[in-house]
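S.K.: Spelled out, the chains give:
Number of protein chains: 2
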Amino acid sequence: VTAPRVSTARADLEMHITLRRRSRTALHLQIADQMREAIREGRLKSGSRIPSSRQLAATLNVDRNLVVLAFETLLSEGHLSARSGSGTFVTTETISEIQTILEPQEIPRWARRTIIAPKTEPAPQAHEIAFRLGQPSMTELDLIAWRKIWRDVNRLAPFGDYAEPAGHLGLREALADYLRRARGLNCSANEIIITTGITQAAQLIARATLGKLDRIAYEEPGYGLIRQVFLELGARILPIPVDDDGLRVSQLPKGKAAPLLVYCTPSHQYPLGSRLSIPRRVTLLEWARTHGSLILEDDYDSEFRFETAPLPALAALGPDCTAYMGTFSKTLSPSLRVGFLVAPPGLLEPVLKLKTFSDYHTSIPVQQALAQFILEGHFERHIRRMRRVYASKREALVAALEPIQSFAPLKGLEAGLHAFLELPPEIDAQKVTDLTRTRGVIVRTLESFHHKPPVMNGLLLGYGGLSLEQIQRGVKEILWAVRQYTQA
Amino acid sequence: VTAPRVSTARADLEMHITLRRRSRTALHLQIADQMREAIREGRLKSGSRIPSSRQLAATLNVDRNLVVLAFETLLSEGHLSARSGSGTFVTTETISEIQTILEPQEIPRWARRTIIAPKTEPAPQAHEIAFRLGQPSMTELDLIAWRKIWRDVNRLAPFGDYAEPAGHLGLREALADYLRRARGLNCSANEIIITTGITQAAQLIARATLGKLDRIAYEEPGYGLIRQVFLELGARILPIPVDDDGLRVSQLPKGKAAPLLVYCTPSHQYPLGSRLSIPRRVTLLEWARTHGSLILEDDYDSEFRFETAPLPALAALGPDCTAYMGTFSKTLSPSLRVGFLVAPPGLLEPVLKLKTFSDYHTSIPVQQALAQFILEGHFERHIRRMRRVYASKREALVAALEPIQSFAPLKGLEAGLHAFLELPPEIDAQKVTDLTRTRGVIVRTLESFHHKPPVMNGLLLGYGGLSLEQIQRGVKEILWAVRQYTQA
Chain A
1098 VTAPRVSTAR
1108 ADLEMHITLR
1118 RRSRTALHLQ
1128 IADQMREAIR
1138 EGRLKSGSRI
1148 PSSRQLAATL
1158 NVDRNLVVLA
1168 FETLLSEGHL
1178 SARSGSGTFV
1188 TTETISEIQT
1198 ILEPQEIPRW
1208 ARRTIIAPKT
1218 EPAPQAHEIA
1228 FRLGQPSMTE
1238 LDLIAWRKIW
1248 RDVNRLAPFG
1258 DYAEPAGHLG
1268 LREALADYLR
1278 RARGLNCSAN
1288 EIIITTGITQ
1298 AAQLIARATL
1308 GKLDRIAYEE
1318 PGYGLIRQVF
1328 LELGARILPI
1338 PVDDDGLRVS
1348 QLPKGKAAPL
1358 LVYCTPSHQY
1368 PLGSRLSIPR
1378 RVTLLEWART
1388 HGSLILEDDY
1398 DSEFRFETAP
1408 LPALAALGPD
1418 CTAYMGTFSK
1428 TLSPSLRVGF
1438 LVAPPGLLEP
1448 VLKLKTFSDY
1458 HTSIPVQQAL
1468 AQFILEGHFE
1478 RHIRRMRRVY
1488 ASKREALVAA
1498 LEPIQSFAPL
1508 KGLEAGLHAF
1518 LELPPEIDAQ
1528 KVTDLTRTRG
1538 VIVRTLESFH
1548 HKPPVMNGLL
1558 LGYGGLSLEQ
1568 IQRGVKEILW
1578 AVRQYTQA
Chain B
1098 VTAPRVSTAR
1108 ADLEMHITLR
1118 RRSRTALHLQ
1128 IADQMREAIR
1138 EGRLKSGSRI
1148 PSSRQLAATL
1158 NVDRNLVVLA
1168 FETLLSEGHL
1178 SARSGSGTFV
1188 TTETISEIQT
1198 ILEPQEIPRW
1208 ARRTIIAPKT
1218 EPAPQAHEIA
1228 FRLGQPSMTE
1238 LDLIAWRKIW
1248 RDVNRLAPFG
1258 DYAEPAGHLG
1268 LREALADYLR
1278 RARGLNCSAN
1288 EIIITTGITQ
1298 AAQLIARATL
1308 GKLDRIAYEE
1318 PGYGLIRQVF
1328 LELGARILPI
1338 PVDDDGLRVS
1348 QLPKGKAAPL
1358 LVYCTPSHQY
1368 PLGSRLSIPR
1378 RVTLLEWART
1388 HGSLILEDDY
1398 DSEFRFETAP
1408 LPALAALGPD
1418 CTAYMGTFSK
1428 TLSPSLRVGF
1438 LVAPPGLLEP
1448 VLKLKTFSDY
1458 HTSIPVQQAL
1468 AQFILEGHFE
1478 RHIRRMRRVY
1488 ASKREALVAA
1498 LEPIQSFAPL
1508 KGLEAGLHAF
1518 LELPPEIDAQ
1528 KVTDLTRTRG
1538 VIVRTLESFH
1548 HKPPVMNGLL
1558 LGYGGLSLEQ
1568 IQRGVKEILW
1578 AVRQYTQA
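Each protein sequence line maps, in turn, to chains A and B.
Numbering-wise, my numbering comes out as the position in the first sequence, counting from 1, plus 1097.
Numbering-wise, my numbering comes out as the position in the second sequence, counting from 1, plus 1097.
Since the hints were made in silico from the structure, they are not lab data.
Watch out, some of these pointers could steer you wrong.
One copy or two, it doesn't matter: identical chains are merged, so the pair holds either way.
[What the hints assert, rightly or not] Here are the simulated lysine to aspartate or glutamate pairs, DMTMM-like style, with alpha carbons at most 20 Å apart:
| id | residue 1 | residue 2 |
| --- | --- | --- |
| 1 | 1351 | 1203 |
| 2 | 1245 | 1519 |
| 3 | 1549 | 1525 |
| 4 | 1490 | 1258 |
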């Protein structure tokens, strides 16, 4: 402990600074804290000059940079002010005076609105096995290619300007080619807008199109987060039931009651996993055209299909009335936050304006990396590899659940990274999840996916992010929990 | 040119495929195009089996992968379908039938809304010198450190899950430390939300707080993009004039007429460049507390100040009624799309919910890279370096404009990357910009910054992204243009 007395010929003041060198508080913070206290208590007077950083460092026997850092802090707080050429002084209007004038009020006006909360799953503990939906597996990523791409992207300094709101042209071109090959979409780079995911794409479309009182037809059960995005914007939700052929298109109101937008997941209904049949696709497009309505096609899981031919995208059949939304969240990783929108002509311009208002554009380095990942063929190689990986996980899930297939069928297996285990009415899905949770296995019921009370009973089993061994161990606990009810 | 006739024992159909090997259309696209045409014209009949890719490749004398690619395209379009074990067939319901049923309508209902357009500057041509606002210089970035950080960040595969909506904890902690040191903000990581820039922060706050009929006090002139963000959300803008001491706080309506929000740029008024004086800061905070209003402090340019001590941030003086917004767009690059918000307690939760609805969270790799950039000290080193660089650019600007200082004062020089050249009324700023444009020099007037017609006359000169030589050459043309009017 040192306690030097600082008093120099050039500085017209004294101060006591005591440094505790073993303290967990950094030395420059100790210096700043004590000088601030001295100023507030009046020991360092307004307008007085303080010693130079060099003098103070010598007296305190510390590196001069630490004193400079302390001075910078006090300068930025307004406790000190620098006059060029003549030194550093204690500010005349000290902040402590200002702060005593101003006292906080009761609840301010701006804090009175309430926002509807999205229902989010709490993150699972490390020891838990969580059958979470939409979780890709990252262990199979070609890390050598991944690292090389980022090295290439960051060889130069980042672009020093805002970029096009529609997104990096290289990525849009690579995507247009990919979507033509993989999904039969006949689109050009100019029709693509890079977003930060499907959530943003859906929000931008809703804001670009919805007027007051307009309604959105929404799959029931369906994706809770996007439904809440629409609700928060003031839209009215019209739940439309789904079955084993996807959205029950025949239930869409006709004439004046027709909703303006229809949100759907035709490749792998979220969450039940069914695919929208070809006749329903045709009917849906006819309905949309007749009523001047727009289809929001969320194609989040289309890349992962098993033992089945892909069905044509709605946007391939009816590009004039379909906004096609895709994402890298499942094919690569949700943490990148990159998705895309293929917009019909009338939608492109308003969505681009709103994209500019929202975040100007999506982060460029990430877009550049993804463009190169696609162009060099790594993306499609990754998808092919992952298709095999997920197929084997799916097989493991099917095999492990075999013992209860006679009364609890597993559905939605044709595509995607999750399946739906339908339970008979006498086995309460909620109680099963409560039981498995006591054994460290987290599964979800349909509840948060419903706008109205659920009619189906069962468990959603996301297997994409789990290992084969985790799937087997997890299902074992599910079987145990189910048996508590069948044997009772 | 080859024109083989494909006819095999196993496949029950014939097709004519003519490949032009010198064509610019890739071979697999030629194969797919001709097969599609054959299906549409009925030459390949519904339900008929097509040859295997191996057979067709041998017949056409091409790599089998090209045929597989062509088949994948047709499969994804729905023209072909695969039955496992028995081969590939022409789909029974062909797409061409579907497409003739469906004909586009006149203007659909969803395309009838109009969105207010943001006024954006067109990108300058390569030969032009554009005095653009908010353009940082990238040539001084420490590329060795930059590359190393990205190498570290991408050593592992990206995180395979969604992250916290508030942002990467490492970045929030690094920012909390930085803001304490640099801006005297006494905030913790838990009060910080990482955004994709100030635009997003402002939009989220407006959506979290504004009710119908609520008003936003806005600097006049002010930042056009954010004003339009508010207008698009249906907010009413209340223009408040600015002068050499910043926002004229005394003009804020009191009592029931007090606006709910006040947007301001106290460190370097955008675009005039003045700083909000200490007495006005105190008055503004008192006014906000009295009226339960919220201050949106846009501190975009605070890092670059010259020959002056920083003034305390409004959020340091009144953290209970100020939302502090910062960005990496000026200190590093706008193309990264990362900014941040320090929110008072009542604002944190609603903004986090809306952030989830908007894009879930900001891209993780970019956040990780910035966290490391700050933690390793590169960020503050970069700012110190850039302060010197911009100071010398500013000096070059001042020196070059010296000849007209007697009647056209240069203002807003204490901070930031741009200055304002005020012109006397007899010299029409718009005409000066038209003249300089003919000589390849792009400057802006105040027009797009105003909500109401402008009262001041002058040029905005962004110098951050220009070289010393460009500044000198550009100013030469400005002087020439100004002289056309003073001599006339």
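S.K.: Output the numbers, in ascending order, of every earlier hint that fails for this structure.
M.R.: Number 2 - this is the single hint that the structure violates.
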